[in-house]
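Chemist: Below are the chains, spelled out letter by letter.
Protein chains: 2
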Amino acid sequence: MKKVAEDDPRRIVHSFKVGLAITLVSLFYYFDHLYVGFGSSAMWAVLTVIVVIEFSVGATLGKGLNRGLATFLAGTLGFGAHHLANLPGRELQPILLGIFVFILAATVSFIRFFPRMKVRYDYGLLIFMLTFCLISVSGYRDEEVLEMAHKRVSTILIGGFTAIFVCIFICPVWAGEDLHNLAANNLEKLASFLEGFGDEYFRKSSEPESNKASLQAYKSILNSKQSEESLVNFARWEPPHGPFRFRHPWKQYLKIGSLTRQCAYRIEALNGCLNSDVQASPETCRNFREAFIKASSETGKAVKGLASAMRTMTLPTGDCPQTAKSKNAADNLKSLLRTGLCEGIDIVEILEVATVASLLLDILACTEKISESIHELASLAHFKRLEPDEKDGNPDLDKQKQVWQSSNSIASNHHHHIITIE
Amino acid sequence: MKKVAEDDPRRIVHSFKVGLAITLVSLFYYFDHLYVGFGSSAMWAVLTVIVVIEFSVGATLGKGLNRGLATFLAGTLGFGAHHLANLPGRELQPILLGIFVFILAATVSFIRFFPRMKVRYDYGLLIFMLTFCLISVSGYRDEEVLEMAHKRVSTILIGGFTAIFVCIFICPVWAGEDLHNLAANNLEKLASFLEGFGDEYFRKSSEPESNKASLQAYKSILNSKQSEESLVNFARWEPPHGPFRFRHPWKQYLKIGSLTRQCAYRIEALNGCLNSDVQASPETCRNFREAFIKASSETGKAVKGLASAMRTMTLPTGDCPQTAKSKNAADNLKSLLRTGLCEGIDIVEILEVATVASLLLDILACTEKISESIHELASLAHFKRLEPDEKDGNPDLDKQKQVWQSSNSIASNHHHHIITIE
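If you read the sequences in order, they're chains A and B.
Note that full-length UniProt numbering numbers the first sequence so that position 132 is 132, with each residue one more than the last.
Note that full-length UniProt numbering numbers the second sequence so that position 153 is 153, with each residue one more than the last.
Check the hints yourself; a few may be wrong.
No copy is singled out in the list; a pair is fine if it fits within one copy or between any two copies.
Pairs of lysine to aspartate or glutamate residues, derived as DMTMM-like cross-links and limited to a Cα-Cα distance of at most 25 Å, are as follows [what the hints assert, rightly or not]:
| hint | residue 1 | residue 2 |
| --- | --- | --- |
| 1 | LYS384 | GLU188 |
| 2 | LYS3 | ASP362 |
| 3 | LYS2 | ASP122 |
| 4 | LYS118 | ASP8 |
| 5 | LYS255 | GLU368 |
| 6 | LYS384 | ASP8 |
| 7 | LYS118 | GLU6 |
| 8 | LYS369 | GLU229 |
| 9 | LYS3 | ASP122 |
| 10 | LYS118 | ASP7 |
| 11 | LYS225 | ASP122 |
| 12 | LYS334 | GLU368 |
| 13 | LYS327 | GLU188 |
Hint data in this document are derived by calculation from the structure and do not stem from the laboratory.
Only a predicted model underlies this, so the values are computations on that prediction, with no experimental measurement involved.
Can you build the whole structure from these sequences, using the hints too?
Modeler: As structure tokens, this is what we get:
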């Protein structure tokens, strides 16, 4: 229980929000002058709040709008069906109503299988079917169908608005923000793998398993598709908020996510090599080892830079120095591989190392594609652009520069460190 | 629209089933002597049918049982809360009711975040919250709370049973069967990749892209986790049906699925090599090429054997000949790699080929794990065991033997074919 709360403290707030919204809407029952208008239909408002209120604003809005619109449409249609069935007389009415209900229920159930409808309007279709059946069928007994339809629509609107109001104005949870952070987090997981991998691979037997956790973090990316898709779907219902303007390119996140997953699949394969029995011995040729660690960690840093650019929604104009460094390191590794670096080495070892190196190069190619798609996002979503030669004391720029400098100094330290060991 | 129906014709049947169930339950409104007992509460039965009926039996049962049990429990508790709030007098009643509702709603909303509860009882918790609020709150106005609670429980039971009845007895769709078939299909996709891959890799430029489709089929495995998990969850609600007995080991399918996905991740990485610019030239040493194609296609056949064993739920006792063949071929490839097969060959080419070969060997190791987990399933689920030396004219055995023989003859033809080309 503690873990559930610690994982995301917003869950506790959400629980209180649900309690508050239901208590608010149940006031209709307690105050006489509020109750008079609706009578026992007021329970539809309570029911709507409970069913509509969700964790994120987007999900609540999507459900609320679906429910409101579907109820209105189905109420109108049900009222029409009731009148149509009334025309031929009392005897035929149940038969006609039965036929209408059957046809509508079967059609709507089939439409719910359409992938596009399923994603965005599944709940609306369910409510459409439900309201139509309730209005047209119970209209057979209750003569005041119009009043019933009216009451149902208005109580549902009240419930829906209460849920949406509480959800938006009390500590809102934005699906768009969650999606944006998820994308940045996933990039950071890739980055920490790449930064740690070179060292891990060449020193496997000698060091304790301290940084294994950061090397395993990428595993959560493998199955992230579903949650990403639902977040995108929720985010598209949301109004502009924070740095996300109207028509923010949410679908671009799916592209970035899919490339990130492709990268993670390759890392998973690479990890298979790490866990296999044959390991490159620590003596495997020096040049190669240096090139390898450098390519991996420089790319890790470049990806980390992308992640922080995502997070702050600022992107340096032009090529960033880190990307150029990572490309250089990769080219270096490639040419070493091509020229058959270590002549005296055992063929078994070279085969193992070659596999790891090719996979790594494949991963680096993947990160380049990710970088492209993030630049695409940046131009679509109008990220802040930082001129590298700007010197007006812009605090954002200073911060950004500090990040670059510190990562550069780490890079050179790191490099130095390697040389020292050798 | 046509595509949705063609993909799975059971969808059309399902749509008619929904129409039928709703029409059945709405009979309560049309016949006077049925209507008398429930009055306008009869609409709860219609509502329950619409909300509970789902595509598969397991999903319907899960929702129906959740709804029934939650309504019963919450009805009892709501009745108790109503009485408790009545004790101090009319003035304090709304305040006490408000506090009860707030506490219960907040608690249940929080419990819904627990992963275990979310998977199996999410819907039940929602309905629990809903019914409690309805009974305790509307009890403030309606003095006959007990009767209302009783009506709500019984109409929901009627609706739930109608939905479950229609779902089970008219062309049932079993989630367990779907899960079993999904596992077998995924294995077949792996098998067709492995069978086609060797040829594809070594003849890339020369042949048309005819069998690309079978090489791409594995991609759907990559994101199969979510649908597998929900099918397992549904299947666990289902009664014994067809070959699946009581307490069928559904969770073992998750293990098989996770191993299948691991295999697919490696195939995705391997496919990255297929699409990269550097390709092994057709002249790459003969021995190696033969060993490579053989290892890949023999393993493909072994996996296909496993898939058909899954599908027919029969497993030959002892090691099947195909598995032994595939292991031999893999060992052969390994030893060729170890001894540094082709001395005269260009280093760039050998590096490329070595990468593909290591990945392939990793995939073969993965398929062995899959085979183990299927044998585990076979013993847990009491698959039929076929003695290889049985000669009593068992038709299943004959069929199975035919499969083995035909695959063997294809194998030898295939082998012959390769030699001819060379």
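Chemist: Determine for every hint whether it applies to the structure shown.
Modeler: Comparing the hints with the structure gives:
1. LYS384 with GLU188: within (21 Å within a copy, 49 Å between copies)
2. LYS3 with ASP362: neither (38 Å within a copy, 37 Å between copies)
3. LYS2 with ASP122: Between copies only: 19 Å across chains, 34 Å inside a chain, cut-off 25 Å.
4. LYS118 with ASP8: between (29 Å within a copy, 16 Å between copies)
5. LYS255 with GLU368: For LYS255 and GLU368, the Cα distance is within 25 Å only inside one copy (14 Å; across copies 34 Å).
6. LYS384 with ASP8: Intra 29 Å, inter 48 Å, cutoff 25 Å: neither.
7. LYS118 with GLU6: Classified as between; 17 Å across copies, 33 Å inside a copy.
8. LYS369 with GLU229: Intra 20 Å, inter 31 Å, cutoff 25 Å: intra-copy only.
9. LYS3 with ASP122: The answer is between: 19 Å across copies meets 25 Å, while 32 Å in one copy does not.
10. LYS118 with ASP7: between (30 Å within a copy, 15 Å between copies)
11. LYS225 with ASP122: Both: 19 Å inside a chain and 22 Å across chains, each within 25 Å.
12. LYS334 with GLU368: within (16 Å within a copy, 33 Å between copies)
13. LYS327 with GLU188: Classified as within: same-chain Cα gap 19 Å, cross-chain 40 Å, threshold 25 Å.
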